[in-house]
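Each chain, letter by letter, is given below.
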Amino acid sequence: MNTPRQPVPGTTIFDGVEARKGYALNKMCYSFNDAANRQAFVADEDAYCAKYGLNAEQREAIRQRNVLALIAAGGNAYYLAKFAGIFGLDMQDIGAQQTGLTKDQFKAKLLAARG
Amino acid sequence: MARMLGTVMTSHVPAIGGAIAKGLQQDPYWKPFFDGFPPVRDWLAKQRPDVVVLVYNDHGLNFFLDKMPTFAVGAAPEYRNADEGWGIPTLPPFRGDPALSWHLIESLVGDEFDLVTCQEMVVDHAFTLPMALCWPDLKWPVRVVPVCVNTVQAPLPSAARCWKFGQALGRAIASWSGDERIVVMGTGGLSHQLDGTRAGFINKDFDLRFMESMVADPDWATKFSTTEIVEQAGTQGVELLNWLIARAALPGKARRVHANYHIPISNTASGLMVLEPAR
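Those protein sequence lines, which keep their order, are chains S and B.
Using our numbering, the first residue of the first sequence is number 1, and each one after it goes up by one.
Using our numbering, the first residue of the second sequence is number 1, and each one after it goes up by one.
To be clear, the hints were calculated from the coordinates, so they are not data collected in a lab.
On a predicted model such as this, the values are computed, not experimentally measured, just so you know.
Watch out, some of these pointers could steer you wrong.
[What the hints assert, rightly or not] The calculated label-pair distances, taken between Cβ atoms and stated as ranges, are:
#1 Pro251(B) <-> Ala69(S): 44 to 50 Å
#2 Gln25(B) <-> Gly88(S): 20 to 26 Å
#3 Pro9(S) <-> Ala99(B): 18 to 24 Å
Using N, Cα and C, we set each Cβ at its ideal position, and we do this for glycine too.
Full structure from sequences and hints, please.
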């Protein structure tokens, strides 16, 4: 049976294709477990991204703090959350950015799931 | 003979750690979530477990994508928590039980589950926060065995495979010669999606059906493919596989001791259940 690789709308299942594409980006984000690495990124973002060998698409998505672009460049949500943590962003900030809603609108959307 | 006391299943959202650190348990946003836990603590106090076997998924603390095991079992004398990058306080270390770990490993591999074994392992919020919710004084009265499942990088183990793994884990526990009293925990879920334009997806009907299945027809979720679980529960909702494993480790019929469900905690529909073997 030929099912599409990404059959769920608005959703990127993080599979081998994504894992290969996003390896450098996710490796950099993994390094943000360490406070010294978070500081090094903040101190010199260009040098830090270069050290991890981000490609142009990944570098630009990091520059723009654009979560959808980071996912398109192979980023995994759990690793990207460590990047977002540097800026003190929470999951409602990230959700709002991806859905084009304000944070309050996004929170209202979550509440609406109570039915 | 080891005694299987039951299972505790709960969500494991990082924001819970922030709420605990800030003492927000009675804050209106958090209260419906934290109020679910006193009955769990009462049950644990009555059951007096010696060991918790905790089924969870790592979120990029112990495992990076350079090496991603499908199933990994801890065999360390101690497990430490560490900085995950988003500012929740680090919790005290957990005492391991290497002899029991190696018995479980022998039994599971003997049962054709070819594991990764970890004599050093750090544990992230998916492990530490459920423990802190059960024992808020952070003085762990139990030894632990971490069982880590890949819910991060597809292909994930299927729900059907997780069910069989949980059954094998239950057999492994039952065949332990020690007289330990053992609780199995499963953490994660329920429905939530952090990434993509579908972020914020929550499916109450599916979650409630899944929770009901834990008692009524516990292998119900095994009929779903990983993609179908993502459709129904969101990309990170697949963490319900950890619940499925914990449930499968409890042989036979189960009795519901306690349950709670609340939307939302952060972006997540939070679920909580305690089950014990039905008499």
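We went through each hint and held it up to the structure:
In this structure the hint that Pro251(B) and Ala69(S) lie 44 to 50 Å apart at CB holds, the actual value being about 48 Å. Look at Gln25(B) against Gly88(S): about 23 Å separates their beta carbons, and that is inside 20 to 26 Å. Distance hint check for Pro9(S) and Ala99(B): the Cβ-Cβ separation is about 49 Å, which falls outside the suggested range of 18 to 24 Å.
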